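The numbering used here numbers the first residue of the sequence shown as 1 and each following residue consecutively.
There may be inaccurate statements among the hints.
[As the list claims (entries may be wrong)] List time: in silico PhoX-like cross-link candidates among lysine-lysine, alpha-carbon distance up to 25 angstroms:
1) Lys337 x Lys355
2) Lys371 x Lys355
3) Lys170 x Lys159
4) Lys41 x Lys52
5) Lys37 x Lys24
6) Lys444 x Lys314
7) Lys159 x Lys131
8) Lys159 x Lys252
9) Lys85 x Lys159
10) Lys426 x Lys356
11) Lys181 x Lys159
12) Lys426 x Lys337
13) Lys369 x Lys337
No wet-lab data here; the hints were simulated from the structure.
Since the model is a prediction, treat every value here as computed from it, not as a measurement.
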Amino acid sequence: MAATVEELYRNYGILADAKEDLSKHKDAYQVILDGVKGGPKEKRLAAQFIPKFFSSFPELADAAINAQLDLCEDEDVSIRRQAIKELPRFAAGENLPRVADILTQLLQTDDSAEFNQVSTALISIFKIDAKGTLGGLFSQILQGEDIVRERAIKFLSTKLKTMPDDTMTKEVEDYIFTETKKVLEDVTGEEFVLLVRILSGLKSMQTVSGRQQLVELVVEQAFLEQVLNPTDADSVDRLLQCTRQALPLFSKNVHSTRFVTYFCEFVLPNLSLLTSPVAELDIQLEVLKLLAEMSPYCGDMDKLEVNLNMLFEKLLEFMPLPPEEENGENAANEEPKLQFSYVECLLFSFHQLGKKLPDFLIDKISAEKLKDFKIRLQYFARGLQVYIRQLRVALQGKTGDALKTEENKIKVVALKITNNINVLIKDLFHNPPSYKSTVTLSWKPVQKTEAASIGQKRQSGEDIGATATTKKLPTNLPRRNARQIYNPPSGKYSASIGNFSYEQQGGFRGGRGRGFGGRGNRSRGRIY
1 MAATVEELYR NYGILADAKE DLSKHKDAYQ VILDGVKGGP KEKRLAAQFI
51 PKFFSSFPEL ADAAINAQLD LCEDEDVSIR RQAIKELPRF AAGENLPRVA
101 DILTQLLQTD DSAEFNQVST ALISIFKIDA KGTLGGLFSQ ILQGEDIVRE
151 RAIKFLSTKL KTMPDDTMTK EVEDYIFTET KKVLEDVTGE EFVLLVRILS
201 GLKSMQTVSG RQQLVELVVE QAFLEQVLNP TDADSVDRLL QCTRQALPLF
251 SKNVHSTRFV TYFCEFVLPN LSLLTSPVAE LDIQLEVLKL LAEMSPYCGD
301 MDKLEVNLNM LFEKLLEFMP LPPEEENGEN AANEEPKLQF SYVECLLFSF
351 HQLGKKLPDF LIDKISAEKL KDFKIRLQYF ARGLQVYIRQ LRVALQGKTG
401 DALKTEENKI KVVALKITNN INVLIKDLFH NPPSYKSTVT LSWKPVQKTE
451 AASIGQKRQS GEDIGATATT KKLPTNLPRR NARQIYNPPS GKYSASIGNF
501 SYEQQGGFRG GRGRGFGGRG NRSRGRIY
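Please model the complete structure; the sequences and the hints are all you need to start from.
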C-alpha cells in the first residue's frame with residue numbers, strides 16, 4: 001500500500017526524533033520505502049528520505065536499494081535525477097560495488113542532465129573507494145549491454161585523468177591495468193584506441209618499463225606473429241591503428257623493432273596490394289609515413305641486411321631513371337612521375353636504418369646497382385632543385401595570414417618535403433655514404449632544437465625554404481578525406497609533386513562487428 005505525503009512526513013519525524021533508538025522503528029522506515037509506490041510528490045520525498053536513514057536498517061538494505069532503483073527508472077525525469085543524486089549515500093562497504101554497477105548501467109540515459117548527474121555520482125563514489133567503483137564499471141564493460149560498455153569506457157577515458165593523486169594509488173592503477181587487459185581480449189577498433197589512451201595516462205605507465213608493457217599490449221593486438229593479408233581491409237585497419245597507438249610510446253629506450261621488422265617483411269612487399277580501410281585514404285602513403293616515424297626508434301634487428309635491402313628496392317621503385325637513358329625503364333616516357341611524398345618517407349626510413357649498417361651501399365650491393373642508384377638520385381635531385389626554386393619564388397615575402405591560405409599551406413609542406421629529400425640525397429652522395437644529417441619529417445612539428453636555432457624571428461616564405469622545416473604545420477587542418485594536390489608549373493620536371501593530405505592520425509571506423517574481432521551483441525537487460 002502506497003504511503004501518503006502526510007504519512008511520509010509523520011514517519012520521517014519519528015525517525016528523526018528517535019536518534020539513538022532508530023533500529024526500534026523499522027515499521028516507520030518501511031512506510032518511507034512504500035513511498036515509492038505513491039504519486040510524484042510521494043516519490044520525491046521517498047527519494048530524499050530513504051538514503052537518510054539507510055545505514056540504520058541493515059536488514060532492510062536490499063529493499064531500500066531496490067526502492068531507490070525504482071525511482072531511478074521513474075518516468076518523471078525530475079524524480080530520476082533526485083534518486084540518482086542520492087545514490088552515492090548507499091555506497092558504503094559491500095554495497096559500493098553494487099551502486100557503482102547500477103550507476104554504470106544508468107550511463108545509457110539519453111538525457112544530458114541526467115547523464116551528468118550519473119557521472120557526478122560515479123566520481124563521488126570513486127573518491128570514496130576507487131577500486132570498488134572500478135569493479136562496477138569493469139563488470140559492465142565486460143558483461144553489459146553495448147551502449148553501457150561504450151559509455152563506461154568513454155567515462156574512464158575522460159574522467160580518470162581528473163582524479164586526485166591520493167585516489168589513483170599504485171594499487172588502483174594496477175587494478176585498472178589488469179582489468180583493461182581482460183577487456184582488450186575482445187574489442188572493437190574504437191574501444192582499443194580509448195583503452196590504450198586510458199592506460200597511457202596512468203602514472204605507472206610513464207616509466208620505461210611501463211611504456212614497454214604498453215607496447216607489448218599493442219603488439220598482441222596487432223597480430224605481428226601472423227602474415228598480413230593485404231587485401232583484407234580489417235587486417236590492414238588493425239595494423240594501422242595499432243601502429244598509431246604504439247608510435248607515441250617509442251623512444252630510445254622503448255624500441256619499435258618488431259613493428260619496423262613487420263613492415264619491412266610483410267607490408268612493403270605488398271604495398272601496392274594494400275586495401276584501404278578508409279575511403280579516399282592514400283593507404284600506401286599512410287603506411288610509409290608510419291614506417292618513417294617508427295624508424296628512428298628501431299633497435300637491433302635480426303635480419304637487418306635483408307630488411308634494408310627490401311627498403312632499398314622499394315625506394316628504387318619510386319626513383320625513376322632519367323629519360324635520357326637509352327635502355328632505361330623510362331626511355332619511352334619523357335616525364336617520369338616524381339612522387340616526392342613517397343620518396344621522403346622511404347628515403348628517411350632507409351637513412352635511419354642505414355646508420356645501423358653503414359657499409360650497405362658499399363659492400364652489400366653490386367657496383368652496378370650502386371651506379372644505377374646514384375643515377376636515380378642525381379636525376380631526382382635535379383627535379384628537386386627545379387621545384388624548390390619554384391616554391392621559394394611562390395612563397396617569397398609572404399608572412400602571417402598570407403601563408404595561411406590553403407594554396408600556400410600546401411606549398412609550405414611541399415617545400416619541406418623537397419628540402420628534406422635534398423638533404424638526405426646529399427648525405428647518400430658522400431663517399432662513403434653519410435648518415436649524419438637530421439631532418440624533421442614534413443608532417444611533424446618542428447623539433448625544439450630547430451626552433452631554438454631560429455629564435456623568435458618571424459618567418460617568411462623564403463625563411464621556410466631556407467631552413468626546410470622551421471615552421472609548424474597548420475593546426476586548423478581539413479578533414480582526412482580532403483585531398484590537396486600541389487600542381488607545380490609545367491616544365492621538364494613537372495610531374496605531380498604528390499598528394500599533400502594532412503592526415504589526422506587515429507580515428508577508427510565505427511560499427512561493431514568490424515575492427516578488432518567484432519564483439520558480439522551482449523544485450524541482456526539490466527542486472528540491478
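How the hints compare with the structure:
{"no.": "1", "hint": "Lys337 x Lys355", "result": "29 angstroms, violated"}
{"no.": "2", "hint": "Lys371 x Lys355", "result": "20 angstroms, holds"}
{"no.": "3", "hint": "Lys170 x Lys159", "result": "17 angstroms, holds"}
{"no.": "4", "hint": "Lys41 x Lys52", "result": "17 angstroms, holds"}
{"no.": "5", "hint": "Lys37 x Lys24", "result": "24 angstroms, holds"}
{"no.": "6", "hint": "Lys444 x Lys314", "result": "23 angstroms, holds"}
{"no.": "7", "hint": "Lys159 x Lys131", "result": "15 angstroms, holds"}
{"no.": "8", "hint": "Lys159 x Lys252", "result": "31 angstroms, violated"}
{"no.": "9", "hint": "Lys85 x Lys159", "result": "18 angstroms, holds"}
{"no.": "10", "hint": "Lys426 x Lys356", "result": "19 angstroms, holds"}
{"no.": "11", "hint": "Lys181 x Lys159", "result": "19 angstroms, holds"}
{"no.": "12", "hint": "Lys426 x Lys337", "result": "21 angstroms, holds"}
{"no.": "13", "hint": "Lys369 x Lys337", "result": "21 angstroms, holds"}
Of the numbered hints listed earlier, those contradicted by the structure are 1, 8.
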